[in-house]
Amino acid sequence: MLRSKDILGIRDLSSEEIIHILETAKDMKERIENKKIREKSLKNFSVVTLFYENSTRTKMSFALAGEYLGADVSDLGVATSSVNKGESLVDTGITLDQMGIDIMVIRHSMSGAANVLARNVKASVINAGDGVNEHPTQALLDLYTMYEKKKSFKDLKVAIIGDIIHSRVARSNVFGLTKLGANVVVGGPSTLISKNMECLGAKVTTDIKEALKDADIVMGLRIQLERQKGGLFPDLREYRDLFGIDEEMLKYAKPDALLMHPGPVNRGIELSTEIIDGPQSVINEQVKNGVAVRMALLHLLAEGRKNNEDIDSEWTYTRPYIQNRWNQRCIG
Amino acid sequence: MKILIQNGRILDPISKTDGIKDVLVENGVITAIEEKITASADQIIDAKGCWVTPGLIDVHVHLREPGYEYKETIKTGSRAAAKGGFTTICCMPNTNPVIDNEILVEYIKMKAEREAIVNVLPIGSITKGQKGEELSNIGKMAQAGICAISEDGKSVMNAGLLKKAMKYANMFNLPVLSHCEDNTLVGGGVMNAGEMAERVGMKGIGADSEEVIVARDIILARNTGARLHICHISTSGSVQLVREAKLRGENVSAEVCPHHFSLTDEAVEGYDANTKMNPPLRSAKDVESLKEGLKDNTIEIIATDHAPHHIDEKNCEYDRAAFGIVGLETALPLGITHLVEDNILTPMELIEKMSTNPAKLLGIDKGSIQVGKIADITIIDPNEEYEIDVNTFASKSKNSPFHGHRVKGKVKYTIVNGKIVLNDGELI
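Residue numbers (full-length UniProt numbering), protein chains in the order written: chain A, 1 to 332; chain B, 1 to 428.
There is no bait here: all hints are sound.
Once the Cα atoms are required to be at most 30 angstroms apart in a straight line, the calculated DSS-like pairs of lysine-lysine come out as: (1) B/LYS291 / B/LYS154; (2) A/LYS43 / A/LYS59; (3) B/LYS295 / B/LYS366; (4) A/LYS85 / B/LYS398; (5) A/LYS179 / A/LYS306; (6) B/LYS203 / A/LYS209; (7) B/LYS140 / B/LYS154; (8) B/LYS154 / B/LYS131; (9) A/LYS229 / B/LYS131; (10) B/LYS203 / A/LYS195; (11) B/LYS285 / A/LYS195; (12) B/LYS203 / B/LYS154; (13) A/LYS59 / B/LYS203; (14) B/LYS291 / A/LYS195; (15) A/LYS203 / A/LYS254; (16) B/LYS360 / B/LYS373; (17) A/LYS195 / B/LYS154; (18) B/LYS36 / B/LYS48; (19) A/LYS122 / B/LYS398; (20) B/LYS128 / B/LYS109; (21) B/LYS203 / A/LYS179; (22) A/LYS251 / A/LYS149; (23) B/LYS154 / B/LYS75; (24) B/LYS154 / A/LYS229; (25) A/LYS179 / B/LYS285; (26) A/LYS85 / B/LYS203; (27) B/LYS203 / A/LYS122; (28) B/LYS285 / A/LYS203; (29) B/LYS164 / B/LYS131; (30) B/LYS16 / B/LYS295; (31) A/LYS209 / A/LYS149; (32) A/LYS154 / A/LYS195; (33) A/LYS229 / B/LYS203; (34) B/LYS295 / B/LYS410; (35) A/LYS59 / A/LYS288; (36) A/LYS203 / B/LYS203.
Simulated from the structure, these hints should not be mistaken for laboratory data. Here the structure is a predicted model, which means the values were calculated and not measured.
Isolated chain A, as found in the complex (with noise of 0.2 angstroms):
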């Protein structure tokens, strides 16, 4: 059972609740692999994507994870929807909700754009990726593929390379894995890593083979060209040269670490093709598992709902949440 009516991010997800969708998430796995237990236990739920922005995987993914449990799944074209008529976020939210949607995933370029959808809508929300802040379901998937892989979490030690500053992946990683017991190593050029990641309680180095050393999992990010343009960075020469990874600096990891990336990848640039390949990659099993992880979590989010009619009173909201949270700290 989940505490929450929506997913908006690791950050705001227990550690229990973590390990209780990544235990979900084993089952639904097998249904993805075996046709025949696939139930449809979603039947007559109703859920929209809404991508702001551009995606392939995550949205395909919920979209299948949807179909897979039998709900019915629908994506509003932003692109030709009124949004493009300039219809703001919160009424589009209210539209879909007067329509009945049970839940609504949305992907929006803007951090806590999830968030303010929450709070004006009565359906569940699932950040599927917002600005710099959260991707809660890669992580999950990422999660869950360790924990696959691993076992447990305790005493990990993962080294995220690459764009830190601008990824929502790492961000939720690192609020996952740290709530987990694991330890964390962001690492990357000055200019794309911010020292405030320790405050999440990351080690942060610009030094990649001390990031690498020893390490169970090493995931690389992608590197975005306009951040190039933006003057981050001279050039991806120089960032493969100084930043990427590729057999040499992979061995800097233990023998049986995990290769990970939340994909697209840039061959030769963040990975070299031959690590991408090779026999400690798991990238492509990550895109299984993230249908596992996202079935697990429409199932557990309609399964709340169907626990509660009568939601207002039972679920926590984003706005009592704000709320409650101001009074705490006002005076008087």
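Since the structure of chain A is provided, determine the placement of chain B on it from the hints.
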């Protein structure tokens, strides 16, 4: 019209009066302040347990008229001011069109005369259209009655042009109210750069973006002899820069907004855009420095930066939301709650920063409650406790992060030019 205020605690920073007395107001002027006044009056106010202070003065208000009347008007803004205990407010020029010539100054004054219930003093922009390219008609606006010049909302990024503006404004004895923000360092930030920005995953606005301009403007003011006033100071480093300038004897003053000493950037958690303002809510360390600055009088003015916005401009994505919060109706209780109750300031010092010092900056004969002065008076019950409710605001906009906060201190009466405009907490 005769008003007799009985048994109030008179707080007058000019004469250093702090005692229980009666005050008599006749035809708009204070005619007596004595221990017991027995004269008859048209209205007798029992001010027992209350402070009787010079009317509060706010040097930093956005009235949004002309151009953005859906957010606020001169009429509604003045009513919010009266409810907050302010008898004089200065309105910033970032309207549409920008207040950059004498015709607009005349317009504001005319509208204020017709519709406002408190004194409204317009501030002219430094450059035409606030574009930062050429000087506004500062001289003509001075003739028409502006009280200061400011580019509020942004800095004049061209240092050479600002230096000329400072020199030019000196001819008219106008203070320069400086919004300090280097836009090349802001980089799309929406909240304070720091640990909380990291936690909530939003772009931060570093302290350096403010401090670079504070330092620059202090240097330019020193060289031009301008009267420089730093608006809404928010960082520890800025406080130190102003403190050092004052120690050197330079003609610099600074203001702080109630939200900057009442909240930290922790309030941003949850993404409610009512916590989005410019400069942003800062760290606990900055808040401590602001309080120290208030205590040692580095910061001698409290101003609201009252910035009304429509609900749709706040109930949206944080990045997209407008900067700013309303402040006129919460300033005094926040001052009492966070400064007086916490022994940062005495009641007299609070009133000095909210009335006497703003009057000095503007060069107006206000900010004192003495016989012979125009009767701009605020009566405050410092002990009344309540929860701030934005739905009771007189302002057209309700964008405040303080909804639901428990505070102490309520404005009971506001008297402007001898006329009661707020009567026992109710607007007339």
